[in-house]
Amino acid sequence: MYDSGKIIPGLIIFVLFITIPIWYNRGGGTEPPQPVLPKDAKSCVLPVAEIRAKHMQLLNVWRDEVLRDGQRAAITVDGKKYPKSLMLNCMKCHTSKKQFCDTCHTYASVRPYCWDCHLAPVE
Amino acid sequence: MDTNRRNFLKVAGLTTLAGLGGTAVVDRLVTGAGVAQASAGESHDTEQAALAKPGATRYGMVIDIKKFHQDPSLGEKAVHACHQTHNVPHFPDKRDEIKWIWMTNFENAFPEQANLYQNEESATKKLPLMCNHCDNPPCVRACPTKATFRYDDGIVGMDYHRCIGCRFCMAACPYGSRSFNWRDPRPFIEHINHDYPTRTRGVVEKCNFCVELVQAGKLPVCVEAVGDSKALVFGNLNDPNSEIRKILKEKHTIQRNPSLGTLPSVFYIV
Amino acid sequence: MFEKALKGNNYYWMWLAFLGFFIVVAACCYLRQYFYGLGLTGMTRDVSWGIYISQFTFLVGVAAGGVMLVLPYYIHNFKAFGRITILGEFLAIASLLMCMMFIMADLGQPLRGLNVLFHPTPHSMLFWDMCVLWGYLLLNVLCGWVILTAERKQTHPPKWIYFFVYLSIPFAFSIHTVTAMLYCGLPGRHFWLSAIIAPRFLASAFAAGPALIVVMALILKRVANFDAGKEAIDKIVTIITYAAIANMFFVCLEFFVGFYSDIPGHKHTLQYLFFGLEHHGHIYNNLVPFMWGFLLLFLVGIFLLACPRTRKQSDLWLGIGCASIFLAFWLDKGIGFVLGGFVPTPTEEIVEYYPTFNEIFITIGVWAAGFFILTILYKIAIGVEHEIEA
Chain A
1 MYDSGKIIPG LIIFVLFITI PIWYNRGGGT EPPQPVLPKD AKSCVLPVAE
51 IRAKHMQLLN VWRDEVLRDG QRAAITVDGK KYPKSLMLNC MKCHTSKKQF
101 CDTCHTYASV RPYCWDCHLA PVE
Chain B
1 MDTNRRNFLK VAGLTTLAGL GGTAVVDRLV TGAGVAQASA GESHDTEQAA
51 LAKPGATRYG MVIDIKKFHQ DPSLGEKAVH ACHQTHNVPH FPDKRDEIKW
101 IWMTNFENAF PEQANLYQNE ESATKKLPLM CNHCDNPPCV RACPTKATFR
151 YDDGIVGMDY HRCIGCRFCM AACPYGSRSF NWRDPRPFIE HINHDYPTRT
201 RGVVEKCNFC VELVQAGKLP VCVEAVGDSK ALVFGNLNDP NSEIRKILKE
251 KHTIQRNPSL GTLPSVFYIV
Chain C
1 MFEKALKGNN YYWMWLAFLG FFIVVAACCY LRQYFYGLGL TGMTRDVSWG
51 IYISQFTFLV GVAAGGVMLV LPYYIHNFKA FGRITILGEF LAIASLLMCM
101 MFIMADLGQP LRGLNVLFHP TPHSMLFWDM CVLWGYLLLN VLCGWVILTA
151 ERKQTHPPKW IYFFVYLSIP FAFSIHTVTA MLYCGLPGRH FWLSAIIAPR
201 FLASAFAAGP ALIVVMALIL KRVANFDAGK EAIDKIVTII TYAAIANMFF
251 VCLEFFVGFY SDIPGHKHTL QYLFFGLEHH GHIYNNLVPF MWGFLLLFLV
301 GIFLLACPRT RKQSDLWLGI GCASIFLAFW LDKGIGFVLG GFVPTPTEEI
351 VEYYPTFNEI FITIGVWAAG FFILTILYKI AIGVEHEIEA
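Protein chains in written order, with our numbering: chain A, 1 to 123; chain B, 1 to 270; chain C, 1 to 390.
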């Protein structure tokens, strides 16, 4: 092999570089997030497993229905009415963005741009 | 008959057909939804009615300039209520300016109605300007992502989630109704309304006719703010029995630059 | 073939480093703009497009100008252009990449740029502009590369490529027509609302683009031992001359319509651009020097190109003539046309635009990046030419 003196160290550096996340967090791993659930609300618009997995899609659907199609009527789940709104519905029960939204989002390293415009409740 | 001539006729025929089809396509492209053309000779009013998009509802507003002239505080109230409700920022530097509704002179609102001998009141007092919520909006035509669009009820809305900030709509708007977030607006909102979002930097914004209230059966906040003065009247232009249509029937009103064919839904009583 | 760009003399590397310096400065300035917002530019709600979009508009023309070499060679079989059509195609690639960089620099939300694809909107001219610009870029990359590869192997290019070569000709016209339609379809902007915008754009493009190619060819003759051939240069200069005169004819027509009809709205922008516009006792005239510079440079350029002595006897005068035409039309379209169109505003106010340093450095950096790409592409093309000759 030509230039093996350059190629092999180069390859090693490359492999080390792209595996940074693995050896940087070696062994440890962080605690799974513990979002604080609202105390006085017992139900949500979807069952827990579903809302946990699909809240982002639901919010996008609501956004398009309300803002683009003008379908602003509240939805009814188990006889209870919920407006289709992040600020006027979700955050009325989940009153703390820090203790609810951010715990998982930080853990999963996602930065939803909701909060660039939408206002979190005052804490 | 030689073949050349036959071929020529074939080609000519095909080209004509393609041309006709082409214009139909262009018409659809341009108007977005294939608007019926008014026949010549009809009065201005019926012409507009024929051009207007069909539908049960088309929201519009009548602005009584006289009442704003008599009571300048009305204008302040309307602007303040709007900007407060919608978290419209106030920047110290005019270059960053954002406005949804603002007070201006007659000559700026109606430059095509230039008059050398203006009456004193028109020359000195101010009147409100806002988005015209055109029935045939050039901004909607220009937007490359449908971030600005027309609701079925005639309101021209903005989807701030989708806007890429190309500002084509600002160049297209013939009324200067649109503003751009040149920088993060949040630090410049004096009193945050926690029931309405702010905007992020890099998107275009404008008056939305309070679509969030109107589609929930309420009145726009500027209309509420001027109270019973009837300086601003909001209603359904497609309902012949609505209050706004009664006013339009009784009083002579003008629209901003109607010659552009944008069909504004905001009317002014001079 | 890329290896040809990796071997060069000291001047080659110094030139790339020089351009690289401006690219790095621009990258830093862009990061500032990215994190602050477009408020770092001189644009306002009244002049909502600035030098980014005006450079974009001009460069679309430069890209389209390359077709003035492709068309005579492939349609009219004008053999003398054989050696330099590749220069036109590669110039189009570099110009289009600059166009895209300017568009990205101008977006308020650059990360959402793909929304134009996710929500295609055929009634928006920007959507069509994106389609034709990408189309023309890909066609030029494909045709340039395939033909250069064939040339290197000293074989005929494959037959199928001619389909794309011929296709690229209407695309060249369409990129600038659609770019003109961005402006001339907007109601309420009198200066832009003119059916002559598209032909005028094409005329100035067919002068400015080939003018840059001549300048490049003359430089390459000195620094890279690449001779485009006298016949080819002569023919391009003829094309430039006619196209430049056509553009000025269209400008005169704009003046006639504005001033003979005497409709204020039709005159205002022309007055603002060439004489300054008085409004409430203040004269607004910050673009006047640029527009008179445009006229002056055009006259100098057209004289040098039209006069046989200066055109034929000295490469220097020929180069200066072409550079003058290029600069003149840059001032016309890359400064005056876009910025002037916003004056006066729809509410009859006058707001003047002054670009900020941050904005200017980004603009310079994008131009530098374009010339960086162009240098590399030309290095490859000429490397292949020399290889065949050797």
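Calculated from the structure, these hints are not laboratory results. Accuracy of the hints is not assured; some may be wrong.
As the list claims (entries may be wrong) - Heads up, simulated SDA-like pairs for lysine to any residue below, C-alpha to C-alpha not over 20 angstroms straight-line:
1. B/Lys94 x C/Asp262
2. C/Lys267 x B/Lys94
3. A/Lys54 x A/Met87
4. C/Lys267 x C/Glu278
The hints, checked one at a time:
1. Note on B/Lys94 and C/Asp262: the hinted pairing is violated, with a Cα-Cα distance of about 33 angstroms set against a maximum of 20 angstroms.
2. Straight-line distance between C-alpha atoms of C/Lys267 and B/Lys94 comes to about 27 angstroms, which puts the hinted pair past the 20 angstroms bound.
3. The hinted pair formed by A/Lys54 and A/Met87 meets the criterion: a straight-line CA distance of about 18 angstroms does not exceed 20 angstroms.
4. About 12 angstroms separates the Cα atoms of C/Lys267 and C/Glu278, which keeps this hinted pair within 20 angstroms; it holds.
The structure fails hints 1 and 2 (numbered hints given earlier, in ascending order).
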